[in-house]
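By my numbering, the letter at position 319 of the sequence shown is numbered 453, and the numbering carries on one by one without gaps.
I should point out that these hints are in silico values taken from the structure, not numbers from a laboratory.
Quick reminder that beta carbons are idealized off the backbone N, C-alpha and C, glycines included.
Check each hint, because a few of them may be wrong.
Between beta-carbon pairs, the in silico distance windows are [unchecked claim]:
(1) SER225 to PRO379: 49 to 57 Å
(2) VAL363 to ASN417: 29 to 37 Å
(3) SER236 to THR276: 41 to 49 Å
(4) PHE337 to ARG231: 28 to 36 Å
(5) SER377 to SER236: 53 to 61 Å
(6) GLY172 to ASP287: 56 to 64 Å
(7) GLY158 to PRO474: 37 to 45 Å
As a list, the in silico BS3-like pairs of lysine-lysine whose alpha-carbon atoms are at most 30 Å apart [to be verified]:
(8) LYS210 to LYS190
(9) LYS372 to LYS335
(10) LYS332 to LYS269
(11) LYS532 to LYS190
(12) LYS486 to LYS372
(13) LYS486 to LYS503
(14) LYS208 to LYS239
(15) LYS569 to LYS208
(16) LYS496 to LYS437
(17) LYS517 to LYS532
(18) LYS208 to LYS218
(19) LYS269 to LYS335
(20) LYS532 to LYS486
(21) LYS486 to LYS210
(22) LYS190 to LYS569
(23) LYS190 to LYS208
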Amino acid sequence: MQHRLAALIGGSLASEVILGTFHGMCVTFLRKHGSKIGLRPNWVICDRDQQLQYGKSALNDPQFSEQVQDQSIKPKTVVEAISKAKSQGYSPEEMLRQAETSYQKLMAALYRSYTDLLHADNCLDFDDLLLLGEKLFRSHPTIIAHIQHVLIDEFQDTNTVQYEIMRLLAHRGAVTVVGDPDQGIYGFRYAQAINLEKMTKDFPGTQVALLEENYRSSSSILKASLAVVQQDNERIDKNLYTSHPRVSSPMVRPFSNPIEEAAFIAQEIHRLVAHTGGQLDYNDFCILMRYNALSRNLETALKTARIPVRMIGAQKFFERVEVRDILAYLQLADNPTFSPAFERVINTPRRKLGLAAINAVKAASATHKISQMEVLVRAVRGKRFAGIQPAQTETFRKFVSIICNLQAMAQEGCPVAEIIDNLVERINYADHLQKTYGPDAAFATHLAKESQAASNSPPLSQLSHVEELHRSPVKPANRPTFTMSDTDLDRLESMFNTENISLPDDIVEELHH
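Generate the whole structure from the sequences, applying the supplied hints.
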């Protein structure tokens, strides 16, 4: 953007423009003027994992122990509640004043504890950057007095605090915002498309210019899109048009289940490649998904059809944390000497085994040259090992029983779906996911549903992908996975990574949702 500005207005003028995100701009001003609102020098910005650690520390405060235990509150739940409050401009005290239930009051108290912990470490989280930036601009307007005009892009994705920052920066009333409420996608981050309406009230004389020409889509795509968005009676009506020629209309096809849908997509790609005389190849197709968890059936169908795949901005089904956890159980049942699988699941879900106990098992395995699973089996039978306490043998017994049950079901030829369902229920895995990732973890029940897709799968002993997973590297569970190749590849994309895609054929999965 800086280079584009320089090309338009010259390097000298471009260098005077304050250019950046809301967060980045606030960091710049807080670094320079933070002392005016009580910030100490050399403050640091904590990342998401560190936020969770602070949330955990707040939960461990003895004053909250009874309430936290009763309601099974996890760090992620606390951090997200605090983030929501901050996005609305609420301090801990304001959150407490707004609280109506004991749970909300507890969250406000945890917010205060969390804030105190960050303050003690001279640390800010990302929401603090906006809150404190707004506080700085409001209490010391002279530091932004030189700003003459404000321009904001993607305005429909601004939240309450960002809107207030914009109001303060635009103190001269010279402001231009560009936004489209039809494209608001950050409601889950507390963005408010209503900010566009507030503009006309807070800035009298605001002129609205409708940008109605679409430069990206064909008239067929535009017509189909309008048929959807025009059902919102509260939207700002626009007469969109495009100069692109009309092409074939989008095909909408219903399916009875996701497996049938995925199979059709693979067949349709094959058909189009075969019947276009070389005009289309696999690299010309893009499959869009609403969220990453939908990739499983598509990956399977495309692999079966031998269509090469490239994942962009998404995580492959077999690389997701919940899938690897369950597969590790199956791997351990299939091969009890496989230590990576053992180490992944011995304390997942947590079994009140400390690091010392787990290290003692590992040490005993090395000393006696037996597998870690065999250490557990012998301990259950009465064998004593250094560092392993007798009280831990009951926990070991329950774990060994789980693995033995998996082996028995596999030997009986039970379908994989039945084995997985039994395992998920026996170890309370869905509950583990909910507690770990919070009540909004949509994938908490996804694995159990996906196991139904394997109802016609072979017995456990015939699952070839177990060895494939053993050979593949374990990647961080919460980061996108990228698998690139120079060959022609079909693309599986998450929706938010497709803004500038221009390909002959796009397929959208699970559109009805």
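Task: Hints breached by this structure - done: 6, 12 and 16
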